[in-house]
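Asker: Each residue of the sequence shown is one higher than the one before, starting from 382 at the first, in the numbering used here.
These are computed hints drawn from the structure, not numbers from a lab. Think of the CB as a built atom: it goes at the ideal place given N, C-alpha and C, for glycine as much as any other residue. Honestly, I wouldn't trust all of these hints.
Listed next, with one range per pair, are the computed distances between beta-carbon atoms [what the hints assert, rightly or not]:
no.	residue 1	residue 2	range
1	Ser401	Lys483	19 to 29 Å
2	Ala404	Asp498	30 to 40 Å
3	Ala516	Lys418	54 to 64 Å
4	Arg396	Ala449	23 to 33 Å
5	Trp518	Pro453	11 to 21 Å
6	Arg485	Ala403	53 to 63 Å
7	Gly470	Gly390	20 to 30 Å
8	Asn469	Ala431	50 to 60 Å
9	Glu395	Leu459	17 to 27 Å
Below 25 Å or equal to it, Euclidean Cα-Cα: the simulated PhoX-like pairs (lysine-lysine) are [claimed, not checked]:
no.	residue 1	residue 2
10	Lys400	Lys414
11	Lys471	Lys458
12	Lys418	Lys483
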Amino acid sequence: MTDTNGTGGLSAVERASIKSRAAELKTEAKRAKAADKAAADAADVLAKIAEMPDGDRELAERLHAIVAEVAPGLSPKLYYSQPGYARNGKVVVFFRSGQVDKVRYSTLGVSPEAGLDDESGMWATSYALIEPTEAAWERVVEVVRRAAGTVEGR
């Protein structure tokens with residue numbers, strides 16, 4: 382392997398190939414770190430849910446299952462020490478335990494990243510959860526599905 386000027390070093394093509402391979406390895410390492418972080422974030426959310434008092438734990442578990450089913454593009458992530466679900470690192474949907482927060486009810490919330498904008502110019506950004514009926518859970522499914530959509534311009 383000699384370069385084109387005969388000095389015995391690497392050719393320009395070989396140097397370019399090495400640079401290209403180094404960039405590939407760097408990209409692979411970043412992906413592995415991102416995958417490790419995503420797995421750790423998911424484990425943190427599940428651990429936080431497991432620590433919740435009875436009642437709120439069941440609500441959070443059901444919401445977690447709903448998000449996984451209807452919005453698999455959202456990634457679990459702790460949000461103010463409670464379960465959140467993010468797109469591109471920004472939380473879109475979150476759960477607040479009423480018992481942990483020492484308030485009357487738990488909350489399903491959506492952030493400004495949620496795709497809930499509608500033509501009325503007004504929509505809910507949080508919902509109280511105490512003992513939701515099946516009809517209420519169906520509404521939660523719809524809110525999560527819509528929230529996971531994208532907002533134009535974002």
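Asker: Which hints, by number, does the structure contradict?
Answerer: 1, 3, 4, 7, 8, 9 and 12
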